[in-house]
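Undergrad: Just so we're aligned, residue 1 is where the sequence shown starts under the working numbering, counting upward by one.
Treat each hint with caution, since some may be false.
Unchecked claim - Below, simulated DMTMM-like cross-link-like pairs (lysine to aspartate or glutamate); rule was C-alpha separation at most 20 Å, straight line: (1) 207 x 246; (2) 295 x 280; (3) 295 x 265; (4) 173 x 157; (5) 269 x 285; (6) 31 x 157; (7) 215 x 239; (8) 3 x 157; (9) 258 x 246; (10) 173 x 89; (11) 136 x 86; (12) 115 x 132; (13) 47 x 69; (14) 31 x 86; (15) 234 x 246; (16) 207 x 112; (17) 295 x 285; (18) 264 x 299; (19) 294 x 280; (20) 249 x 239.
These aren't lab readings, by the way, just hints derived from the structure by calculation.
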Amino acid sequence: MNKIPIVYITDDNYAMPTIVSIISLLKNKCKNTLPDVYVIGIDLSDKNRAYFKNIDNITLLNLENKYSDIKIKETYVSKAAFFKFDIAEIFRNHDKILYLDSDTLILDDLAEFFKTDLENLYAGVIKDCIGEIMCKDNERLKIKNYFNSGVMLLNAEKMREDNISEKLLENKKNSAIDYLDQEIFNITFKDSVKYLSPDYNYMVTNKRLTQKTVKDFYNVSKISPKIIHLTYLKPWEYENIPYSNEWMKYYNQSPFKKNKLNLKENPHKRKIYEKRKLYDRWIIDILGLRFSYKKGGKDFRLFYP
């Protein structure tokens with residue numbers, strides 16, 4: 001058996017999508033793969049704790065939110081995410097751990113991914129295409145590359161040896177700006193990471209760019225997502241968005257399937273003409289073509305959506 005320790009972190013707001021992600025994981029594993037799924041639940045209600053306890057192969061840890069007073073600049077991000085800092089210390093019986101965000105769909109077996117040799121590095125990670133190309137987060141943080149913290153293959157043994165959990169928290173407390181956990185991981189890990197295939201953290205926000213741009217960024221000829229990361233609009237909140245059908249497939253196999261979702265209209269539903277601001281650029285969609293430019297008509301680009 002290929003045993004894989006996998007950690008999720010959730011609160012009541014994300015309990016349902018966490019369970020849907022776990023169901024997709026269990027439905028798509030091979031017979032010889034045994035995921036040991038750990039869920040760090042932050043102040044979970046009795047009702048949500050019961051949902052997790054009714055699923056096989058799940059160990060639930062219900063903790064109080066010790067990070068409730070921590071400052072963050074984005075109100076849509078749960079402070080529960082800072083428990084990522086503690087994973088290596090909480091699970092001291094594991095030397096390698098796969099962390100997954102709750103807004104992921106797992107479409108394939110993860111045994112080979114878990115076998116990745118992390119050498120003497122802190123983690124295996126996937127670079128954030130939008131973060132580098134459009135947001136320039138690597139330049140903002142003065143680092144070489146910028147990765148997404150929603151899927152991380154953690155070298156827990158190495159992290160414990162170097163007291164990384166403590167350093168992550170120190171860097172958060174000492175940051176002049178209210179950085180999110182992702183920014184703190186990038187600052188702390190720096191170059192001590194192994195960059196892995198985008199197949200294992202395909203961020204839906206990549207669809208804002210052309211396929212060629214994305215493949216060139218990752219230096220690959222093909223992308224076949226095995227883990228879809230539902231960044232930005234969520235299929236449990238909006239209808240007709242990328243991967244809505246895939247997500248609903250697993251939602252309908254969950255304990256929540258009888259609950260009707262009150263989905264809002266996709267705010268980016270294609271129109272004949274639409275103009276909007278996206279980071280430092282203006283985007284214009286017209287008759288199936290997309291134009292983008294910076295203020296003053298600079299850096300004009302034409303590409304297909």
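Undergrad: Does each hint fit the structure? Answer for all of them.
TA: Checked hints:
A C-alpha spacing of about 16 Å is found between residue 207 and residue 246, which places the hinted pair at or below 20 Å, so the restraint holds. A distance of roughly 8 Å separates the Cα atoms of residue 295 and residue 280; the hinted pair therefore holds under the 20 Å criterion. For the given pair, residue 295 sits about 30 Å from residue 265 by alpha-carbon distance, which is inconsistent with the 20 Å threshold. For the given pair, residue 173 sits about 24 Å from residue 157 by alpha-carbon distance, which is inconsistent with the 20 Å threshold.
A threshold of 20 Å between alpha carbons decides the hint, and for residue 269 with residue 285 the separation of about 11 Å falls inside it, so the pair holds. About 28 Å separates the Cα atoms of residue 31 and residue 157, which puts this hinted pair outside 20 Å; it is violated. Taken as a hint, the residue 215 and residue 239 pair is broken in the structure, with Cα atoms around 27 Å apart against an allowance of 20 Å. A hinted pair counts as satisfied when its Cα atoms are at most 20 Å apart, and residue 3 with residue 157 qualifies at roughly 17 Å.
Distance check on the hinted pair: residue 258 and residue 246 sit about 17 Å apart at the alpha-carbon level, within 20 Å; holds. With a C-alpha separation of about 19 Å, the suggested pairing of residue 173 with residue 89 holds against the 20 Å cut-off. Taken as a hint, the residue 136 and residue 86 pair is broken in the structure, with Cα atoms around 28 Å apart against an allowance of 20 Å. Between residue 115 and residue 132, the direct Cα distance comes to roughly 28 Å. Violation of the 20 Å bound is thereby established for this hinted pair.
Of the pairs offered as hints, the one joining residue 47 and residue 69 is violated, with about 25 Å between alpha carbons and a cut-off of 20 Å exceeded. Distance restraint check for residue 31 and residue 86: the Cα-Cα separation of roughly 31 Å exceeds the 20 Å cut-off, and the hinted pair is therefore not satisfied. With a C-alpha separation of about 12 Å, the suggested pair residue 234 and residue 246 falls inside the 20 Å cut-off, and the hint holds. Between the alpha carbons of residue 207 and residue 112 the distance comes to roughly 26 Å, so the proposed pair goes past 20 Å and is violated.
Our distance criterion of 20 Å between C-alpha atoms is met by residue 295 and residue 285, whose separation comes to about 17 Å. About 34 Å separates the Cα atoms of residue 264 and residue 299, which puts this hinted pair outside 20 Å; it is violated. For a cut-off of 20 Å, the pair hint linking residue 294 to residue 280 stands: about 6 Å separates their Cα positions. As the CA atoms of residue 249 and residue 239 are separated by approximately 14 Å, the hinted pair is consistent with the 20 Å bound.
Of the hints listed earlier, those the structure fails to meet are numbers 3, 4, 6, 7, 11, 12, 13, 14, 16 and 18, in rising order.
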